[in-house]
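Chains as they are written, first to last, in this note's numbering: chain A, 9 to 532; chain B, 7 to 132.
Accuracy of the hints is not assured; some may be wrong.
[As the list claims (entries may be wrong)] In silico contact screen, one side only, chain A against chain B (beta carbon under 8 Å); selected entries:
| no. | residue |
| --- | --- |
| 1 | R157 |
| 2 | S159 |
| 3 | K161 |
| 4 | E433 |
| 5 | A436 |
| 6 | Q437 |
| 7 | G440 |
| 8 | A441 |
| 9 | D443 |
| 10 | R446 |
| 11 | I447 |
| 12 | L449 |
[Said to hold, decoys possible] Listing some non-contacts, in silico: residues in chain A with all C-beta distances to chain B over 12 Å:
| no. | residue |
| --- | --- |
| 13 | E206 |
| 14 | R285 |
| 15 | S289 |
| 16 | V451 |
[To be verified] Simulated coverage check for chain B against chain A, where a stretch passes if three residues somewhere in it have a Cβ under 8 Å from a Cβ of chain A:
| no. | stretch |
| --- | --- |
| 17 | 85-99 |
| 18 | 105-113 |
Honestly, the hints are just simulated from the structure, not real lab data.
Keep in mind the model is a prediction, meaning the values are calculated, not measured.
The beta carbon of each residue, even a glycine, is placed where N, CA and C say it ideally should be.
Chain by chain, the residues run as shown.
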Amino acid sequence: MLVDTDALEDDSAIEADVCIVGAGPAGLTVAKELAAGGVRVAVLESGGDGVEPEVSALADGEIDGIAVQPLEATRVRALGGTSNVWTGQCRMLDEEDFLPRAWVPDSGWPFRRSELEPYYAKAHRIIRFRPVDYDMAKWSARLGQPCLRPSEKIAFHRVSLCKPVNFWSDYALDLKAARNVTVVTHATVLAIRLTEDEGAVVRLDVGNLRGKRLTARARHYVLACGGLDNARLLLLSDDVQACGVGNRHDVVGRFFMEHPRFISGTLLLAGLGLPARGLYSEYYLGEGQAIRGDLGIVPEVRERERIANVAGRLEAAGKEEYVGGARAAVRLFRHLRQRRLPHDLGDTLWQIITDADEVAAAAYRRFASDQNVSTFTVTTLIEQAPNRESRLTLCERTDAFGQRRPRLVWRFCELDRRTAFRAVELLAQAVGAADIGRIRLEVASEQVFPPSTEWGHHHMGTTRMSDDPRTGVVDRDAKVHGIANLFIAGASVFPTSGSAPPTLTVVALAARLADHLRRRLAAL
Amino acid sequence: MISRRYFLGGAVGLGSLAVLPAGAATRPRDAWLAAIGDSPAVRSVGAACLRCGVVEADRQVLLRSLMTALATLAPQEADPAAIRAALGALRRSDFAAGEVVNVDGWILARSEARAYAFAALSAPLA
Ligand SMILES: Cc1cc2nc3c(=O)[nH]c(=O)nc-3n(C[C@H](O)[C@H](O)[C@H](O)COP(=O)(O)OP(=O)(O)OC[C@H]3O[C@@H](n4cnc5c(N)ncnc54)[C@H](O)[C@@H]3O)c2cc1C
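Just need the whole structure built from these sequences, with the hints factored in.
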């Protein structure tokens with residue numbers, strides 16, 4: 009069932025076995041998995057069906073660190089969450105990402121990748137990837153597309169599978185008809201209320217922007233508000249535990265990690281070059297799916313060099329960013345590939361029509377660049393090391409509910425800088441050792457991140473997972489330490505981020521959490 | 007700054023074997039120069055290596071250190087193709103071992119930087 013808070017009585021109470029806050033990939037995966045098992049589920053979503061500026065503004069806040077986009081521009085508050093705009097690139101974390109590494113402080117997960125493997129398989133099915141194959145050599149042979157052969161002693165290929173599904177319209181739409189599920193729109197959770205002994209959640213306070221106030225009660229609660237808002241909501245709920253729910257050890261909001269990326273080099277290839285739109289760009293396979301190859305540094309070399317995980321992306325040089333109407337046309341094209349229309353179709357078409365010159369020029373450039381090129385831009389994306397000082401806090405400015413806005417203090421440590429600089433040097437060695445070509449560095453020194461640095465919109469780590477409450481907010485079951493019935497889904501639980509885009513792992517963890525909750529409910 | 011065009015012709019293109027003038031093959035210097043590539047592109051890259059100070063600025067020292075590194079090569083080897091093959095193997099192993107230098111941002115194997123510098127300091131083949 010889909011219901012809007014406007015249609016509910018003021019002060020009414022929503023009741024369920026499991027109450028999930030947020031209808032993005034994480035929340036919807038938990039909801040779907042539980043719904044299939046007959047559990048009574050309520051999903052509380054701050055937004056509605058489509059982007060609304062006044063709701064989006066709730067996510068705004070301050071950033072202290074490298075200037076990237078405003079916070080509200082990096083998340084979507086609507087059914088489907090940020091999957092309304094994501095680019096759909098997916099890859100599993102590496103096995104090594106789960107292990108503690110002596111040279112990366114606070115690294116490692118409480119379990120190994122094998123624990124997640126059945127859920128990764130499920131996540132691939134949920135996103136409907138077919139085939140699931142991460143082997144570049146096989147793709148190269150299957151598609152008759154060349155790939156590089158860098159020195160295996162230093163570098164290796166990574167493949168990302170790409171399918172920008174919308175988790176609401178492409179995956180969870182049947183929840184509308186499910187009798188045991190209530191999806192409530194324009195339901196912003198304002199606070200988590202605890203029992204007197206602080207050991208459990210007793211209810212959630214919910215509001216909409218028209219002044220309606222409700223409550224939600226359940227046996228179990230799952231926060232799935234995204235990598236920043238999960239921590240924000242815990243910090244905002246400070247009436248019983250003064251520093252916020254689950255924050256006895258001052259870990260909530262800390263260890264914020266992103267995947268900073270920047271242009272780090274120019275690769276000049278010997279020989280005939282590579283197709284500009286080959287396996288290193290998004291190579292379209294049909295049925296809305298594409299693949300893309302990157303380069304990684306082998307784990308032994310990373311250990312020897314004492315650097316974190318990285319991915320090196322290659323893009324045919326001179327391939328310009330799509331701007332204006334051309335960018336709108338690419339978005340529309342991506343949606344059509346998924347057999348759907350963007351929620352802002354009118355605006356999109358208007359941008360395309362009023363910027364027809366740019367659309368035509370971009371189409372020409374794309375067509376003209378469909379040939380072999382020998383110069384590629386190298387973009388390095390690094391795993392940011394866990395760092396207590398990189399954190400989300402609350403600022404004094406408030407949102408339309410009078411709630412304190414988030415303030416993100418995004419910090420890098422010496423290891424991040426070393427990784428950023430050394431990774432491209434190692435890639436240069438890998439291509440040189442194989443006589444593929446040479447790389448010219450575009451990063452000047454280890455001291456600073458280059459001005460071209462962007463983030464991946466991957467917000468991780470702010471409610472990290474650890475068996476020890478002093479170093480983590482949730483335990484290995486994603487339950488908040490010290491609170492019997494509060495769980496967290498999303499990349500905020502990642503204790504270590506690797507270099508893979510997070511959403512596939514978010515979905516796998518959400519499916520795992522649903523299994524856990526089902527078992528707990530069955531035991532009651 | 008090394009131009010990309012020169013770089014393609016020099017380092018990445020790895021030149022083509024220069025044609026040795028008749029009778030020159032007996033002189034090691036000429037055989038080495040022919041193996042490295044006696045072209046404006048190679049010299050330009052070599053000049054940049056020297057300017058950046060990442061290699062010795064002495065032709066004899068450069069040649070000697072290359073010869074020493076190529077222990078598999080007979081000291082009097084004068085066949086440019088054999089020298090070139092040995093230099094290629096040395097260059098690849100330098101890269102693999104991290105024996106690299108930074109020349110105007112380009113990451114080069116130390117041995118290839120030496121080879122280009124040697125070419126830049128040598129008079130062209132007659
Ligand atoms: C431009 C862009 C491109 C991206 N590309 C990729 C990619 O290629 N690959 C990849 O893996 N990831 C990508 N991401 C990141 C990806 O979108 C996120 O990892 C993913 O959406 C996280 O899912 P989630 O459910 O945890 O959070 P979200 O998708 O952010 O969903 C959270 C939901 O919670 C709701 N909510 C928040 N606060 C409250 C509250 N207090 N009460 C009620 N509801 C609330 C929000 O409205 C939202 O609907 C991209 C992101 C952006 C912005």
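Hint by hint, here is what the structure shows:
1. The criterion of a C-beta within 8 Å of any C-beta in chain B is not met by R157/A, whose closest approach is roughly 13 Å, and the hint is violated.
2. Below 8 Å, beta-carbon pairs count as interface contacts, and S159/A has one with chain B at about 6 Å; its hint therefore holds.
3. Checking K161/A against chain B by beta carbon gives a least distance of about 6 Å; that is within 8 Å, so the hint holds.
4. The interface hint given for E433/A holds, since its Cβ lies 6 Å from the closest Cβ of chain B, which is under the 8 Å cut-off.
5. The interface hint given for A436/A holds, since its Cβ lies 4 Å from the closest Cβ of chain B, which is under the 8 Å cut-off.
6. Contact between Q437/A and chain B, as hinted, is supported at the beta carbon level, the nearest pair being about 5 Å apart and thus within 8 Å.
7. With its C-beta approaching chain B no nearer than about 4 Å, G440/A sits inside the 8 Å limit, and its interface hint holds.
8. Annotation: A441/A was flagged as interfacial toward chain B, and the flag holds, the nearest CB pair being 4 Å apart, inside 8 Å.
9. Because the closest C-beta pair between D443/A and chain B is about 6 Å apart, less than 8 Å, the hint holds.
10. For the restraint placing R446/A at the interface with chain B, the shortest Cβ-Cβ distance is roughly 5 Å, inside the 8 Å limit, so the hint holds.
11. Taken as an interface hint, I447/A checks out: its beta carbon lies about 6 Å from the nearest beta carbon of chain B, inside 8 Å.
12. Because the smallest distance between the Cβ of L449/A and any Cβ of chain B comes to about 5 Å, under 8 Å, the interface hint for this residue holds.
13. The beta carbon of E206/A is kept farther than 12 Å from every beta carbon of chain B, the shortest such distance being approximately 55 Å.
14. Every beta carbon of chain B lies more than 12 Å from that of R285/A, the smallest distance being close to 22 Å; the non-interface claim holds.
15. Chain B leaves S289/A outside its interface by the beta-carbon criterion, the shortest separation being 21 Å against a cut-off of 12 Å.
16. Not every Cβ of chain B is farther than 12 Å from the Cβ of V451/A; the closest lies at roughly 9 Å, contradicting the non-interface assignment.
17. Counting residues of the stretch 85-99 of chain B whose C-beta lies closer than 8 Å to any C-beta of chain A gives 4; at least three are required, and the coverage claim holds.
18. Evaluation of the coverage hint for the stretch 105-113 of chain B: fulfilled, as 6 residues show C-beta separations to chain A shorter than 8 Å, against a requirement of three.
When held up to the earlier numbered hints, the structure conflicts with 1, 16 and fits the remainder.
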